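Residues 1 to 173 (UniProt numbering) are what the sequence shown spells out, left to right.
By construction, these hints were calculated from the structure, which means they are not laboratory data.
Just so we're clear, the structure is a prediction, and the values are computed from it rather than from any experiment.
Derived Cβ-Cβ restraints for the label pairs, each shown as a range:
1. P152 x R172: 19 to 27 Å
2. W99 x I28: 35 to 43 Å
3. I59 x L34: 17 to 25 Å
4. P80 x L148: 20 to 28 Å
The C-beta atom is built at its ideal place from N, Cα and C for all residues, glycine as well.
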Amino acid sequence: MSHTVPELPDNPNHGAFNPGDPVRLPTISLDGKLDGGHLSGVLDHIGSDGFARIRVDGIAQPLVVGVDRLVPDPIRPCPPWCDNPNRHDDELPVDRSCWSTDRSIALNRDRWGAGLPTIVDTGAQLRAGDTEALVLISLRGGAKDLGLRLTPWEARRLAADLKHFADLIEGRE
Numbered sequence: 001m002s003h004t005v006p007e008l009p010d011n012p013n014h015g016a017f018n019p020g021d022p023v024r025l026p027t028i029s030l031d032g033k034l035d036g037g038h039l040s041g042v043l044d045h046i047g048s049d050g051f052a053r054i055r056v057d058g059i060a061q062p063l064v065v066g067v068d069r070l071v072p073d074p075i076r077p078c079p080p081w082c083d084n085p086n087r088h089d090d091e092l093p094v095d096r097s098c099w100s101t102d103r104s105i106a107l108n109r110d111r112w113g114a115g116l117p118t119i120v121d122t123g124a125q126l127r128a129g130d131t132e133a134l135v136l137i138s139l140r141g142g143a144k145d146l147g148l149r150l151t152p153w154e155a156r157r158l159a160a161d162l163k164h165f166a167d168l169i170e171g172r173e
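Please work from the sequences and hints to get the whole structure.
Spelled out as structure tokens, the structure:
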């Protein structure tokens with residue numbers, strides 16, 4: 001059984017890609033027609049033969065496709081808390097992570113190391129290519145270094161638990 005590849009309209013972007021660019025590859029249904037979907041990936045390599053290797057999450061091996069089949073994956077809008085209001089236009093696609101302003105607190109009752117207390121830094125991050133922002137917690141200085149990445153639900157649960165125990169200690173619970 002032979003399949004013909006569906007025709008795509010002329011793609012004016014086919015010469016404008018560079019390795020590392022986020023791209024979309026239109027998907028084809030089992031009947032060989034464009035189905036309106038797409039796979040998002042990152043352009044890995046462009047060959048002189050007009051073919052490109054695309055890395056797609058969830059697929060172990062890169063896909064090899066004609067460059068003329070690719071369309072640019074638009075730059076997602078930054079969340080309102082992003083510390084870069086320029087929307088990362090001057091950054092490489094893999095560097096387009098959004099960071100919030102961090103908050104820090106010194107744990108003065110914790111064991112100090114090298115004359116410094118343990119500092120707990122918290123913030124938010126939406127990494128390039130991710131769809132879900134995470135809450136970041138890191139402990140630095142003092143006697144430990146540790147980093148955690150929490151979903152919004154996990155961060156709220158941890159915050160509620162910390163508030164519960166603080167209230168318990170102070171007799172408010």
